[in-house]
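Make a model of the complete structure from these sequences and hints.
2 protein chains.
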Amino acid sequence: MRRLSLNQKTTNSWSVAQAVDGCVRAGIESIGLWREPVHDAGVAKSAALVRDAGLRVSSLCRGGFITAIGGEERRRALDDNRRAIDEAAELGASCLVMVVGGLPEGDRDLPGARARVAGGIAELVPHALERGIQLALEPMHPLYCADRGVLSTLGQALDIAEQHPASAVGVVVDTFHVWWDPDVERQIARAAGRISSFQVCDWITPFPGDALLSRGMMGDGHIDFRRLRRLVEDAGYDGDIEVEIFNADVWAADPDGVVALMKQRYADHVL
Amino acid sequence: MRRLSLNQKTTNSWSVAQAVDGCVRAGIESIGLWREPVHDAGVAKSAALVRDAGLRVSSLCRGGFITAIGGEERRRALDDNRRAIDEAAELGASCLVMVVGGLPEGDRDLPGARARVAGGIAELVPHALERGIQLALEPMHPLYCADRGVLSTLGQALDIAEQHPASAVGVVVDTFHVWWDPDVERQIARAAGRISSFQVCDWITPFPGDALLSRGMMGDGHIDFRRLRRLVEDAGYDGDIEVEIFNADVWAADPDGVVALMKQRYADHVL
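Chains as they are written, first to last, in full-length UniProt numbering: chain U, 1 to 271; chain D, 1 to 271.
Note that these hints are calculated values from the structure, not bench results.
The beta-carbon is built from N, C-alpha and C at its ideal position, and this holds for glycine as well.
Check the hints yourself; a few may be wrong.
[Unchecked claim] Going by beta-carbon spacing under 10 Å, a handful of chain U positions derived as facing chain D: (1) 107; (2) 108; (3) 123; (4) 141; (5) 146; (6) 156; (7) 181; (8) 205; (9) 222; (10) 223; (11) 225.
Written out as structure tokens, the structure reads:
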């Protein structure tokens with residue numbers, strides 16, 4: 001239970017201060033932060049809140065969105081990622097989660113977008129190394145390939161990560177994104193030493209109407225969490241296990257109740 | 001244009017007779033049939049309709065759903081697939097498309113379900129060989145892994161197909177299901193001699209509310225059809241190109257208008 005981390009998205013209505021208090025009330029020792037609420041509270045203030053509460057910051061979500069074809073848009077995206085790296089360092093986060101972005105408007109060249117991701121990561125690595133922040137490449141469910149993340153498999157994320165020191169570039173293993181992958185066993189083993197973050201939430205059916213809010217509480221869906229937890233542990237990962245749930249019903253519920261349910265389901269389905 | 005085939009699902013409101021007439025009116029030489037409307041018309045009657053109209057039957061959809069854990073349910077599923085093979089033979093179809101099925105109710109053992117698919121296919125191969133019908137394994141978008149098809153990649157479908165003669169087991173390359181796959185180039189090349197069917201429709205965003213009706217007309221979404229067509233042709237495939245669209249708006253439109261639009265978009269985006 002000590003490795004359980006509350007990703008702030010799971011209690012989406014809470015500010016940083018509220019989420020920190022909620023973790024303390026529930027005896028949760030780690031939190032995954034998001035940049036927007038961190039900006040609302042102020043980065044220095046957010047850092048002080050988690051530090052004073054004695055919480056670990058298991059991740060900062062999120063950098064990325066680096067598939068723009070060039071010029072000003074690409075430069076702005078890379079600059080914003082350098083700021084995100086700085087924020088992650090100031091917050092004492094273990095890593096910066098990278099959601100790399102989808103196809104640019106009107107563009108259908110998927111191999112091209114993927115090549116630009118590899119190039120963009122290479123451009124960010126020096127700054128990440130300087131600040132001691134690991135860029136955590138998040139392969140996303142192929143459902144999001146067009147509009148959120150052109151990295152679709154762990155193998156593909158590792159192909160990029162392995163071009164850089166493990167201290168600079170790792171990967172996120174998120175059960176929702178990787179559970180279906182027939183190659184997941186081999187790729188998690190390959191990720192040994194590069195697993196930046198292990199995130200859990202469930203794949204539920206029928207598929208909710210909003211693709212961005214389609215994640216379920218552990219136990220409500222089809223994922224065998226213990227199998228995946230054992231695979232990441234066999235690969236040497238002993239860091240925090242973050243619960244990140246985008247779901248309209250979960251967001252509408254009382255956040256303290258969500259945290260209590262999350263602890264129960266974590267014990268029942270993940271541990 | 002001679003390779004264009006109308007999959008009956010694209011004009012979902014049409015009976016077999018109406019779809020055959022619609023193809024003839026539009027100068028389309030090939031049709032992909034579905035079992036339910038074929039049963040409504042009668043198998044022999046449907047066979048006569050397509051034969052008398054001089055149409056090719058590019059596929060029969062669909063067999064599959066063979067992930068049941070055992071006993072009576074599994075036996076019934078295999079028997080139904082043998083009937084589907086018989087129907088495909090009677091219709092003169094090039095192949096029987098296999099949608100293998102999702103996880104059984106309450107079951108989370110994905111590797112187990114996948115192993116049962118391999119076993120079920122092996123059981124069906126003798127009957128397929130006897131009737132001269134190729135089982136066309138359809139890898140499905142990982143979106144459907146839980147509830148429709150646990151075969152999620154072309155590579156995985158080929159791992160099963162390659163255990164059998166190519167005349168008995170091939171694969172479907174459906175752009176909607178495979179376009180995101182970072183390994184698609186290598187796997188289509190590997191599929192040379194085993195491509196049973198090439199199906200096209202688009203991946204559209206925002207993702208429609210109903211996951212089963214989320215396919216778009218070519219050109220309305222993000223898929224580079226020409227790239228995928230060239231890959232299947234480089235692998236030696238010169239068969240029909242079927243347009244299969246599950247979409248509420250397409251289904252609500254006048255079917256003759258849908259067929260006309262399909263021809264136009266096929267010329268503009270696929271050829």
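query: Which earlier hints can't be squared with this structure?
result: Going through the list in order, the structure violates hint 3 alone and respects the others.
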